[in-house]
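Starting from the known structure of chain S, arrange chains Z, R, L and A on it as the hints suggest.
Chains as they are written, first to last, in our numbering: chain S, 1 to 199; chain Z, 1001 to 1167; chain R, 2001 to 2146; chain L, 3001 to 3368; chain A, 4001 to 4374.
Because the hints were derived from the structure by calculation, they are not lab data.
Among the hints, erroneous ones may be present.
Unchecked claim - Simulated restraints on C-beta separations:
| hint | chain 1 | residue 1 | chain 2 | residue 2 | range |
| --- | --- | --- | --- | --- | --- |
| 1 | L | Thr-3005 | R | Lys-2017 | 44 to 54 Å |
| 2 | Z | Pro-1033 | L | Asp-3279 | 37 to 47 Å |
| 3 | S | Glu-126 | R | Ala-2137 | 25 to 35 Å |
| 4 | Z | Asp-1131 | L | Arg-3242 | 45 to 55 Å |
| 5 | L | Asp-3279 | R | Lys-2077 | 25 to 35 Å |
| 6 | L | Asp-3279 | S | Ala-189 | 56 to 66 Å |
| 7 | S | Asp-15 | L | Thr-3005 | 18 to 28 Å |
| 8 | S | Asp-15 | A | Phe-4070 | 47 to 57 Å |
No residue lacks a Cβ here, since even glycine has one placed at the ideal position from N, Cα and C.
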Amino acid sequence: MEVVPDYIYPDREIDRAEGQVINDLKANSQPVIPDSDAWLDAELKQNILLTSVDTMIDWAQRSSLWTAICFPACCAFEFIAANGPRFDLSRFGMEILRASPRQADLMITAGTLTWKMAPNVKRIYEQMAEPKWVIAMGACAISGGIFASGYNVVPGYNHIIPVDVYVPGCPPRPEGLIYGIQMLQKKIAKKSLFHKEKA
Amino acid sequence: MSKFERYGLGILKGMTVTIRQLLLRHPTVVQYPEQRLNTSRRIRGNELIWSRERCTGCATCAKACPQGAIEIVTSSNTNNNKYEVETYRVDTGYCIQCGLCVEACPYDALFLGSSYERAKYRRGDIVQSDDALLESPERPASGYYHPRLAEKMPEQTLLIDKITEKR
Amino acid sequence: MTIALSGTELGKRLAEKFPGSIVESIPDCLLVNPSLLPEVAGFLKDIPDLDFNYLNYITSVDYYEYFEVIYRLTSTKYNHSIVLKARCYDRENPVLPSVTELWQGANFQEREIYDLMGIRFEGHPNLKRLLLWDGFAGHPLRKDYL
Amino acid sequence: MAIKTEPFVLNIGPVHPSTHGVFRMRATLDGEVVLDIEPVIGYLHRGIEKLAEQRTFTGFIPLTDRLDYISSMSNNMAYCMAVEKLAGVKVPERAQYLRVIIAEMQRIANHLIANGSFLNDCGAYFTPFLYMFREREKVVDLFEMLSGQRLTYNFMRIGGLSQDIPDEFLPALRRFLDKMPAFIDEYDRLLKENEVLLARTRGVGIITAEKALNCSISGPVLRSTGYSWDLRKADPYLLYDRFNFDVPVGMQGDCYDRFRVRMEEMRQSVRIIEQALKDLPLKGAVRADVPQRLHPPKGEAYAHIESPKGELGFHVVSDNSIAPYRVHIRPTSLLNLTALREMVRGWKVADLIVIFGSIDICLGEVDR
Amino acid sequence: MMMPDFGTGARIALAPLPPDWPGGFWWHWLFFTVLVLAFVLSMVMGVIYIERRVLARMQSRLGPNRTGPFGLLQAVADAVKVLIKENIVPAAADKVVHWLAPVVAFAPVVMVFAVVPFANGALLADLNIGILYVVAVSSIASVGIFMAGWGSSNKYALLGGMRDVASIVSYEIPLVLAILGVVLVAGSLSLNDIVQAQQNIPFILVQPLGFLLFFTAACAEINRSPFDLLEADSELTAGFHTEYSGMKFAMFYLVEYAEALAVSAVVATLFLGGWQGPVLPPWLWFLGKVFFVFLVMVWVRATMPRVRIDQLMAFAWKCLFPLALLNLLLTAAEVALWPGAMPLIVIPINFAIAGLLIIIWSKFFKLGWGRVEV
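Only chain S is shown next, with the shape it has when bound in the complex:
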């Protein structure tokens, strides 16, 4: 079989288009997306029927958080350690890693986000089906960490996507991550299907 030379080095048009996307995103996403938790402190006022349905749904959602694969860097290993034989996230029903973002509920952003990567992460986040949550894991995910002054580093995932829980540490211990996940579970428990739309 003869390979057409075109395929050896695909057209640079693709590169240029991708570069354009990155530059656009970089220009448009400088302000921080505020933490969407105004509803968290608000008193929940629902009638009883809705509340019991909500309780059921919230229980289901928080006890089967499937994680999307988005592990750019170091923190991924602490996530795997949390998933592994010692800390075992599968106790919470979280051992299912969905490689397809469509089926995932939770994005654990383990690692430094670079501008080159940012459009992909944003796209994965948009591909995830509602309801979806984001845990910013580690210093790089929260603020860029030690690389914050780098020329190619996004100073925090909350410039690109809204974040629900921040887990500090570089990298956080697996216990710290599990603690963060439990905080997210508490947050989900407080959330109501109907309330969220108002917020």
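Okay, now just chains Z, R, L and A, sitting in the frame of chain S:
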């Protein structure tokens, strides 16, 4: 290319390993929120512990910090001819707990904390400043670079001792 | 122990073979004339008693007046090594010949230097940005990049 | 093959379960056959080399942790060795012994991850990966005892180690060494002779020694071709010339050989640690007297070590200030990827994943 | 009282009649339809729970234990969560095909259970061609999977769908040939009759090679590890259901385990004696055997790497197919020439032949061609 030259025995051999794990070995899991590991005596937790009494405001820590995460504001106190620390602030969402500041502190006024449960819902809550940095019973200091503190801490739980066969 | 060959002796030999190729030879390294770099490198690689078959790395340093590109070569057969250096004085459009033909390992590294330092390598089969994206302004490893 | 088919481009990555991070391949496929791939990297390019110019010599050590985050200790060590060479610092003997011990432990940990994720790429549903991760966790425990962190240790300093080892370290290490060979045997039993694994990996992704050398490949990938080139033997640094160990080499340079070479290297590492423990001086300084704001003389130095992935080197240029003028990292993982295109052409998509997994790269080091 | 007789009347006399039902045919029909649906849905949840727990323990973890007692409600939580999740249809997808695919994949798997006997005569429809029906119906599921792969307009999904069709087409043949051996010995195509023929000796002893072939081919057909190529995590992200979310994904998830359950049930029926067994009630025996077969599948999944697509095909055509043919010939010869010796004497002979054949094939069988020059 490849032949089944081991007559499937290689597969069976592997399967004994997994079934052995199922039947004969204890799982090594620590059920975290209920059971806790004893962490290392030198644990570098996600917070700093700062002693207001011993700090002279020399800012050696801020200079040693590879990324400038420590913000320290001092004013000179003319009464006793000393610097007084007005603000001491660390953004623990930015700090990477490398421990270089603790190493650098000449007055033993800075420690790493041993807490790792510091997840927050809001970005602003992660920043520690002034009184939130002081040592308290809930926030014990770690033995990192302070061997005398390390001696008092409980011994670390090791996984080596945990993999056991069922009797 | 890998023996670092003396640059002065090797420089003499190379200067005989390729006149004008060696700008300066000090014990640590050989400063090669950029235009004759492929010939010198090819000689070092192919001659049997030197046999530099392994290119450890290529790097570049920005010294404001000039860019210095450093090649470290090792012979895994004789276990000796040598450092070649080439200087580029043109800041606007620095160009060096590529050594990808000789050592394929130079492929990614030359692309990286092109990306981060802005030195173009002539003869490289696919010279485009490696780490940053198309449309990134500037070359970050230059000292004047802010 | 008479049917006329049209190639199509499949984009693998940057977020894909088996690209070990954010590697991306633009693969041109004809059905299942890979015609061509083009690696696209830089999704984790954090500009570490530029950041080094804004840090002090000591302040750069935490950054080296995050290069090849699977084997942070080796990175620390290579960088410190380069600066020591530049500044002419003599490291105490006890610190050198401890460095050897730590580097070899790191090698065990890295190879466990490499083999585990390689087997995971072959499709063994997480089992070998989690088993090997469990073993790695033991090494991580010991490193945590030393440095207080589980992944980014920041333990080496210019002129030695940051602190002396705690008293309980050596007994714990001994217990680890006593049990480790049995576990390595267990993993051999788990999959070494598995017919499916043999069928998937033997003869797949072959690279010859000449090609590997020409592509600047080093480490287990080079040794799997049968070419015995190990910097611990070829250019002994630290105290490696005092120890007795073998360099395992493969037969033909395929994925299975790379897997086996890593397995054997773990056994050799255990051997080295045993010897080092025997000779380790019980008392003595672990850190030379190096000022906190080190400014080495003007000049440049290159130090390389045999990191678990291959030759890891740091080229440090100093202009006699407190910050390095330029730090170049010889990226083992990036150079090992050079021959990826030749290795995968003509194989199936599934093999592409396996070959890529067998090279064992770490994206933090590829992109820096 | 009416029997669920579908009119052919070719039932073999040796089968005792199933127990009568007070309300007649329609009661029987209603009862077993509800039972089959309830059985499939609840058992799938149980099976998912078992797989996650056992797999986790084999990997030295614990598995889900937080939701409900021992984590028993984990599958329920998953189901509720997946059902209320947003349903995304990609803009480029072929909408109709994308919508239909999960239904087409799911329906036939449930239909398989219509002919599986839970106890003597306790089945929805005792078809006299039961096993043929199973084979015919179960392969429809692959159409649904290919529809999913095609309709998603995603390259990964398309590759997954193509792999599925290729493997189904190849593995159907050794599968059917292996079943034929059992049918020859039992002398009937009805599953209930096959179970009754195993009153003394389960067919796994009479047909050891047939069992291995059937189990392997069935694993390949339902894409269990080590043949789970079409949703190969590490290669194709999620394979054919990459673009599915919410309820439609739940159906595919259900299909995956319902198929595993169906194969376990068929293996239990064909080779392990179905509901036959002493002391315990028949349905319990049946369930026990089903779970045992499923556990073996989980065990294999925990250990084995995945094969490659060309090796998958080579394995079907070069190894399983000739072996299945030989097995069929051998069984036919035994049944025809030596019917009297059928149960006892044949067992050691068959084991010896099976071992011999496996050794010969291991020696000479070569897998695929590996690299293609490009």
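Hint check:
no.	hint	in the structure
1	L:Thr-3005 to R:Lys-2017: 44 to 54 Å	holds (52 Å)
2	Z:Pro-1033 to L:Asp-3279: 37 to 47 Å	holds (45 Å)
3	S:Glu-126 to R:Ala-2137: 25 to 35 Å	holds (27 Å)
4	Z:Asp-1131 to L:Arg-3242: 45 to 55 Å	holds (54 Å)
5	L:Asp-3279 to R:Lys-2077: 25 to 35 Å	holds (32 Å)
6	L:Asp-3279 to S:Ala-189: 56 to 66 Å	holds (58 Å)
7	S:Asp-15 to L:Thr-3005: 18 to 28 Å	holds (26 Å)
8	S:Asp-15 to A:Phe-4070: 47 to 57 Å	holds (53 Å)
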